[in-house]
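Chains D and P supply the protein sequences, listed in that same order.
Just so we're aligned: 111 in my numbering is position 111 of the first sequence, and the numbers increase by one with no gaps anywhere.
Start counting at 1 in the second sequence, then tack on 1000, and there's your number in my numbering.
Derived by calculation from the structure, the hints in this document are not laboratory data.
Note that the structure is predicted; figures quoted are calculated from it, not measured.
Treat the hints with caution; some may be incorrect.
Quick partial rundown of chain P residues pointing at chain D, CB under 8 Å, derived from the structure [what the hints assert, rightly or not]:
id, residue
1, A1009
2, N1085
3, K1090
4, D1091
5, R1093
6, L1127
7, F1128
Once the Cα atoms are required to be at most 27 Å apart in a straight line, the calculated DSSO-like pairs of lysine-lysine come out as [claimed, not checked]:
id, chain 1, residue 1, chain 2, residue 2
8, P, K1005, P, K1020
9, P, K1090, D, K184
10, D, K90, P, K1184
C-beta: ideal position from N, C-alpha, C; glycine also.
Protein chains: 2
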Amino acid sequence: MNSYKCVTAYEGTRYNGWQKQGNTANTIQCKLEETLSKMIGEPIEITASGRTDAGVHALGQVFHFHCSVELLKDDDGIIFLTEINNFLPKDIRLLNIESCSSRFHARLNAVKKTYQYRIDTSTYGNLFLRNTAHHIASPMDISAIKNGASLLLGTHDFKSFCSNKRLKKSSIRTIYDIHIEEDKSNNLLLFTFTGNGFLYNMVRILSGTLIEIGLGLRTPEQIPAILEGCDRALSGHTAPAKGLFLLHVFY
Amino acid sequence: MNSYKCVTAYEGTRYNGWQKQGNTANTIQCKLEETLSKMIGEPIEITASGRTDAGVHALGQVFHFHCSVELLKDDDGIIFLTEINNFLPKDIRLLNIESCSSRFHARLNAVKKTYQYRIDTSTYGNLFLRNTAHHIASPMDISAIKNGASLLLGTHDFKSFCSNKRLKKSSIRTIYDIHIEEDKSNNLLLFTFTGNGFLYNMVRILSGTLIEIGLGLRTPEQIPAILEGCDRALSGHTAPAKGLFLLHVFY
Chain D
1 MNSYKCVTAY EGTRYNGWQK QGNTANTIQC KLEETLSKMI GEPIEITASG RTDAGVHALG
61 QVFHFHCSVE LLKDDDGIIF LTEINNFLPK DIRLLNIESC SSRFHARLNA VKKTYQYRID
121 TSTYGNLFLR NTAHHIASPM DISAIKNGAS LLLGTHDFKS FCSNKRLKKS SIRTIYDIHI
181 EEDKSNNLLL FTFTGNGFLY NMVRILSGTL IEIGLGLRTP EQIPAILEGC DRALSGHTAP
241 AKGLFLLHVF Y
Chain P
1001 MNSYKCVTAY EGTRYNGWQK QGNTANTIQC KLEETLSKMI GEPIEITASG RTDAGVHALG
1061 QVFHFHCSVE LLKDDDGIIF LTEINNFLPK DIRLLNIESC SSRFHARLNA VKKTYQYRID
1121 TSTYGNLFLR NTAHHIASPM DISAIKNGAS LLLGTHDFKS FCSNKRLKKS SIRTIYDIHI
1181 EEDKSNNLLL FTFTGNGFLY NMVRILSGTL IEIGLGLRTP EQIPAILEGC DRALSGHTAP
1241 AKGLFLLHVF Y
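One chain only, chain D, in its complex shape (with noise of 0.2 Å):
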């Protein structure tokens, strides 16, 4: 049995989000998997280090899976990349291919990630942006997102981030940084969280909270009130999935 761990890319507009759905084929994990299938001729199963909701991107998605074949015999990646990015639907990449040991696993062994909150801060909304950030033309005061981030940084139970209600597990987690940047020549705000990982809608909850803390609907200080009351209804809107990026999974 050969094991291989990959990268991938994808744009989420298209797709039921990266997870296998009983009733559609439309995610990004069911198209990863059949054309894997298919060029490798026999059924693959794929694992993911999490999923990602519908419209969210990835620019580097890990997923490993194990298979028969030795597929980079004589090959360090490129003609296997070449030729499955040639199947692959235009919105998904695979970015890179290599041979792991049987025990990796994409999710289990992840240890970090960063993800991406991107926002369209120009006018009337950048045309090419309108699938890949989220558009918001009134004016933030970026310094007090960057108090509110401060206060999020370290070891929290972030049960008011989270949208699961019925979470089980610990809901408690590490964020070692938040980086606040403004690309004034492409009018973005970039919101880039790293974190020891992430509850389910975290990422989005905390850009829509300090979103309405940028607007002036809210202050920095509420932030360690939040984050004590372990209530979602503490904590700010959920904001919109076309905004986020996985950038990076670390092992």
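Following the hints, position chain P against chain D.
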């Protein structure tokens, strides 16, 4: 009667080009006329600086129109633009509107235009540029392209770079500048053409010819003979529409 000059940006992917056509309402001109007519309450016809082909994009297309209503009475354009952009499809934006002389004509008064051709040089194709750049993974000789471009500058008969075989008017045009730029951090190669006017498909054939020079299929030294020959068969292929942007129209 009131006259207005407008600037619009659009992604051409979903449309059958700029120009209104008998059998389809799916053109950018139609969408703008429909929306303007509804907003203003009378039938509006618009005249652009020139048509763009199906799949070609614009960041700064200019058009003019006349109407009986005074649109910008207590408005510097912001209110009008905000409202119309709410009604327009997300891949068409109106960026500016201003009053102009009733004698202003977007096509006849244009003295200079800038077009850009974008090539995605990434290995497997940047999925976020799949509709807005032409993907070429093979390495290209940039200095050969620059040499070829320099031989295209100035005033020439560009008949060899025109798809319209039955052109009755003059095919003499002046190219003031061709800027060849590598944006290595985004894996882009950009050709930016500024001239007093461009024939049908001219920028795409110029780009196709420069691409063939870059790939070593032609030499820069062939350019003078291609120009002198005045024969479409001598020049390169018509590069795909999706890489082309109308950037700016000068008056």
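Taking the hints in turn, this is what the structure says about them:
1. A1009: holds (6 Å)
2. N1085: Since chain D brings a Cβ to about 5 Å from N1085/P, closer than 8 Å, the hint holds.
3. K1090: holds (5 Å)
4. D1091: holds (5 Å)
5. R1093: holds (5 Å)
6. L1127: Result: holds, 5 Å to nearest chain D Cβ.
7. F1128: At 6 Å from the nearest chain D Cβ, F1128/P passes the 8 Å test, so the hint holds.
8. K1005/P - K1020/P: holds (19 Å)
9. K1090/P - K184/D: holds (22 Å)
10. K90/D - K1184/P: holds (22 Å)
No hint from the list above goes unmet by this structure.
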